[in-house]
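Student: Sequence:
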Amino acid sequence: MKKSLAVLIAPPFFNYYKGISKELLNYYEDVIYFDDRPKCSSFFKFCIRKRVPLLFDFLAEKNDKQIQSALKNKNIDTLIIIKGECISQNLVKWFKEEKKSEVIIYTWDSLHNNPGFYRFTQLADKAFTFDFLDAKNNNELKLLPLYSDIKTTNLNFVSDMNKFDVCFIGSYHADRAKVLNRFIKENSDFTYFFRIYFPSKAQYILYWILDRELRKLPFGIVTFTPTSKSDIQNIYNCSEAVLDIHNINQSGMTMRTLEVLSSGHRLITTNMDAIEYLKDCNISYLDRETGKITNLSPLPGEVQDGTFKYDFSLKEWARKLLMS
Numbered sequence: 001m002k003k004s005l006a007v008l009i010a011p012p013f014f015n016y017y018k019g020i021s022k023e024l025l026n027y028y029e030d031v032i033y034f035d036d037r038p039k040c041s042s043f044f045k046f047c048i049r050k051r052v053p054l055l056f057d058f059l060a061e062k063n064d065k066q067i068q069s070a071l072k073n074k075n076i077d078t079l080i081i082i083k084g085e086c087i088s089q090n091l092v093k094w095f096k097e098e099k100k101s102e103v104i105i106y107t108w109d110s111l112h113n114n115p116g117f118y119r120f121t122q123l124a125d126k127a128f129t130f131d132f133l134d135a136k137n138n139n140e141l142k143l144l145p146l147y148s149d150i151k152t153t154n155l156n157f158v159s160d161m162n163k164f165d166v167c168f169i170g171s172y173h174a175d176r177a178k179v180l181n182r183f184i185k186e187n188s189d190f191t192y193f194f195r196i197y198f199p200s201k202a203q204y205i206l207y208w209i210l211d212r213e214l215r216k217l218p219f220g221i222v223t224f225t226p227t228s229k230s231d232i233q234n235i236y237n238c239s240e241a242v243l244d245i246h247n248i249n250q251s252g253m254t255m256r257t258l259e260v261l262s263s264g265h266r267l268i269t270t271n272m273d274a275i276e277y278l279k280d281c282n283i284s285y286l287d288r289e290t291g292k293i294t295n296l297s298p299l300p301g302e303v304q305d306g307t308f309k310y311d312f313s314l315k316e317w318a319r320k321l322l323m324s
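First residue of the sequence shown: 1, per the UniProt record's numbering; consecutive thereafter.
Bear in mind the hints are in silico, worked out from the structure with no lab data behind them. Where hints are given, some of them may not hold.
Said to hold, decoys possible - Straight line, CA to CA, 30 Å or less: simulated DSBU-like cross-link-like pairs of lysine-lysine:
(1) Lys-185 x Lys-216
(2) Lys-136 x Lys-2
(3) Lys-292 x Lys-83
(4) Lys-178 x Lys-142
(5) Lys-18 x Lys-229
(6) Lys-18 x Lys-65
(7) Lys-136 x Lys-185
(8) Lys-142 x Lys-185
(9) Lys-22 x Lys-99
(10) Lys-178 x Lys-163
(11) Lys-320 x Lys-2
(12) Lys-72 x Lys-22
(13) Lys-74 x Lys-22
(14) Lys-320 x Lys-229
(15) Lys-163 x Lys-99
(16) Lys-292 x Lys-22
(17) Lys-96 x Lys-163
(18) Lys-18 x Lys-74
(19) Lys-178 x Lys-22
(20) Lys-2 x Lys-22
(21) Lys-100 x Lys-315
(22) Lys-83 x Lys-65
(23) Lys-100 x Lys-142
(24) Lys-279 x Lys-320
(25) Lys-178 x Lys-18
(26) Lys-18 x Lys-142
(27) Lys-136 x Lys-292
(28) Lys-229 x Lys-163
(29) Lys-178 x Lys-216
(30) Lys-216 x Lys-18
(31) Lys-65 x Lys-50
(32) Lys-229 x Lys-39
(33) Lys-18 x Lys-315
(34) Lys-99 x Lys-18
(35) Lys-100 x Lys-39
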C-alpha cells in the first residue's frame, strides 16, 4: 500500500531528480521536489560550495523558509535528502518534530568534498553514501552504490565494429589532464577518443595558464560543448573500453562507471575501491601515476545466460533506499 507524500530535496543537475521522483511514485501517491540550493548567481553558488561563514547560513535559512512555506499545510510521510548542500539542520528538525516525517539522507559525493552532509546523520532515520571509504569509516553511514539508467543488454556485442580501443568523456578537474597524458604516452599503440569539457573559454584559459598538463594535451581533446547522453552512448558503442578517471577525493562509483559496466564494455578505472567491490567484472586498473594498465579480469561480469549479474537499476536503488 502506497504512502501519501514524499518530499525530495536534491541537486537539479542532469535532471536526475526527475527519474528518482518517478520511481518514488511506486511507493507514494505524490512526490514534491525542491532544489537543495536556493536560486542564486554563480558567485553565491561558489560561496555555498565553500561554506562561506554567515553568507552560507543566510542562504540556507532562505532556502529553508521557502520550503517550509510551500509545505506548511502538507502531511509528509517521508523526507528524502540527496546531498543537501544548502539546507540547515533546523529544516530537518522541522520535518521530524512538526511534520513527524521519516528522514532518509543520501549522498553521491564524499564527505571530503561535501563535509556538511555529516551534520544530518544524527537527525536521520536512515543515512546512506555511495562512497566506499566513508561507509567503512563511519558507522552512521550505510553503503548504497549509485544506479545506472541504461538497461542491461546482452554483453556479447560485436567488437570488430569498434573504431576506438578506448574512450573518455568528462569534465576537467584535478589531475585528469595529467592522467590522460600519461595514458597516451604509455599506450601509444591505442586508438582513442578523448574529450575534456570546460563550461567556458574563460575557465579554460585560467586553467591552461595554471596547469602545465592541460597545455600538453593533444589538439582536439578540449571541448566547450556538452556531449549529449545519446552521443556518449554512441561513442561507447564505438569503443572497446571506457576510461574512468575518478575524483581522487572520492571512492564511490559514479553513474558513468555503472553505465559502462551495465552496457557490457570493459572499464579501465583508477578507482581500486570500485575494483574490489566488483571483483568479477570486466575491469582493468589504470595506475594514474604511470599510465600503465593491469588487466584484472579476462571475462565480463556475467552469468551463463549472458546477463550482467549486478542490479544497478534505479528501481533497485530506490527499493534499497526506502526498504533497507
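Student: Next, verify each hint and record whether it holds.
Tutor: Going through the hints against the structure:
no.: 1; hint: Lys-185 x Lys-216; result: holds (11 Å)
no.: 2; hint: Lys-136 x Lys-2; result: violated (33 Å)
no.: 3; hint: Lys-292 x Lys-83; result: violated (34 Å)
no.: 4; hint: Lys-178 x Lys-142; result: violated (33 Å)
no.: 5; hint: Lys-18 x Lys-229; result: holds (16 Å)
no.: 6; hint: Lys-18 x Lys-65; result: holds (23 Å)
no.: 7; hint: Lys-136 x Lys-185; result: violated (36 Å)
no.: 8; hint: Lys-142 x Lys-185; result: violated (40 Å)
no.: 9; hint: Lys-22 x Lys-99; result: holds (23 Å)
no.: 10; hint: Lys-178 x Lys-163; result: holds (24 Å)
no.: 11; hint: Lys-320 x Lys-2; result: holds (16 Å)
no.: 12; hint: Lys-72 x Lys-22; result: holds (23 Å)
no.: 13; hint: Lys-74 x Lys-22; result: holds (20 Å)
no.: 14; hint: Lys-320 x Lys-229; result: holds (26 Å)
no.: 15; hint: Lys-163 x Lys-99; result: violated (56 Å)
no.: 16; hint: Lys-292 x Lys-22; result: violated (42 Å)
no.: 17; hint: Lys-96 x Lys-163; result: violated (55 Å)
no.: 18; hint: Lys-18 x Lys-74; result: holds (21 Å)
no.: 19; hint: Lys-178 x Lys-22; result: violated (40 Å)
no.: 20; hint: Lys-2 x Lys-22; result: holds (14 Å)
no.: 21; hint: Lys-100 x Lys-315; result: holds (26 Å)
no.: 22; hint: Lys-83 x Lys-65; result: holds (19 Å)
no.: 23; hint: Lys-100 x Lys-142; result: holds (23 Å)
no.: 24; hint: Lys-279 x Lys-320; result: holds (22 Å)
no.: 25; hint: Lys-178 x Lys-18; result: violated (35 Å)
no.: 26; hint: Lys-18 x Lys-142; result: holds (24 Å)
no.: 27; hint: Lys-136 x Lys-292; result: holds (28 Å)
no.: 28; hint: Lys-229 x Lys-163; result: holds (19 Å)
no.: 29; hint: Lys-178 x Lys-216; result: holds (9 Å)
no.: 30; hint: Lys-216 x Lys-18; result: violated (39 Å)
no.: 31; hint: Lys-65 x Lys-50; result: holds (22 Å)
no.: 32; hint: Lys-229 x Lys-39; result: holds (26 Å)
no.: 33; hint: Lys-18 x Lys-315; result: holds (13 Å)
no.: 34; hint: Lys-99 x Lys-18; result: holds (24 Å)
no.: 35; hint: Lys-100 x Lys-39; result: holds (28 Å)
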